[in-house]
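Peer 1: Here's the letter readout for the chains.
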Amino acid sequence: METQNFEKKLTEMGKPEIHNLKHEDMLSRSIINAKDKSVVSWWWLSVPVFIILMLLMKSTFMPGTTLISNMHELESKQKFISLVFFLITPLILIIINVLTIRRIHFLSGGPKSFNFLEAVWFNILIIAVSALILIIYSL
Amino acid sequence: MNFPWFKRIGIFFIPAAIAGWIILLAGFAFAIYSFIDIDNRSHSVSDTMMNFVFMCLIIGAVYSLIAYVTSRVPKK
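Protein chains in written order, with the working numbering: chain A, 1 to 139; chain B, 1 to 76.
These are calculated hints, taken from the structure and not from any lab test. In this text, all values refer to a predicted model and were calculated from it rather than measured experimentally. Beta carbons: idealized from backbone N, C-alpha and C, even for Gly.
Just a sample of chain A residues kept apart from chain B, beta carbon distances all over 10 Å, derived: (1) 67; (2) 73; (3) 87; (4) 114; (5) 124; (6) 131.
Taking CB as the label site, the calculated pair distances span: (7) B:69 / A:131: 23 to 33 Å; (8) A:131 / B:65: 14 to 24 Å; (9) B:21 / A:69: 41 to 51 Å; (10) B:31 / A:84: 12 to 22 Å; (11) A:112 / B:37: 46 to 56 Å.
Just need the whole structure built from these sequences, with the hints factored in.
Peer 2: Following this line, the structure appears as structure tokens:
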């Protein structure tokens with residue numbers, strides 16, 4: 001009788017299933033972390049973007065000046081601010097976001113799909129804007 | 001200390017603990033102080049606004065960095 005019950009239990013049991021995979025948990029945590037990081041990056045990037053927009057406005061309303069000439073003027077007057085916001089901040093943001101994308105790419109098994117781009121598009125945008133700021137600063 | 005102090009909604013970090021509210025209020029207090037300080041030294045409304053927005057962005061950047069660090073749930 002007991003043996004029959006045991007056999008019945010065994011047939012009902014089926015395969016053992018793990019509903020919450022650790023790897024899945026790590027991936028979701030790293031995506032949330034990447035979104036948090038990209039928000040912080042965006043706040044830090046907003047400062048040089050604001051300065052560039054102000055310099056652009058200045059070059060529009062002051063005849064004979066360009067964005068690059070205004071940038072050089074700012075660089076000579078405010079050496080520390082321009083170094084921090086136009087060189088150090090974009091460089092750090094590029095490194096952080098590249099590492100974040102690399103981590104998500106690695107954890108998700110190296111996909112070449114649209115879903116991956118959808119998860120990291122904000123980080124890619126931040127890298128692009130940071131690169132643009134570095135280019136403007138280096139001109 | 002009980003973490004997290006903040007939770008993220010969109011591009012803003014909202015306080016989730018008393019320590020978070022203290023940091024937010026300190027940020028607001030510093031923004032008001034800097035507005036009064038900038039207004040005393042500036043020559044026009046646009047001069048005040050431009051410098052104040054710049055200051056607000058710096059306060060926001062520092063606040064978001066603090067919020068990011070303190071909003072992470074410690075690993076068990």
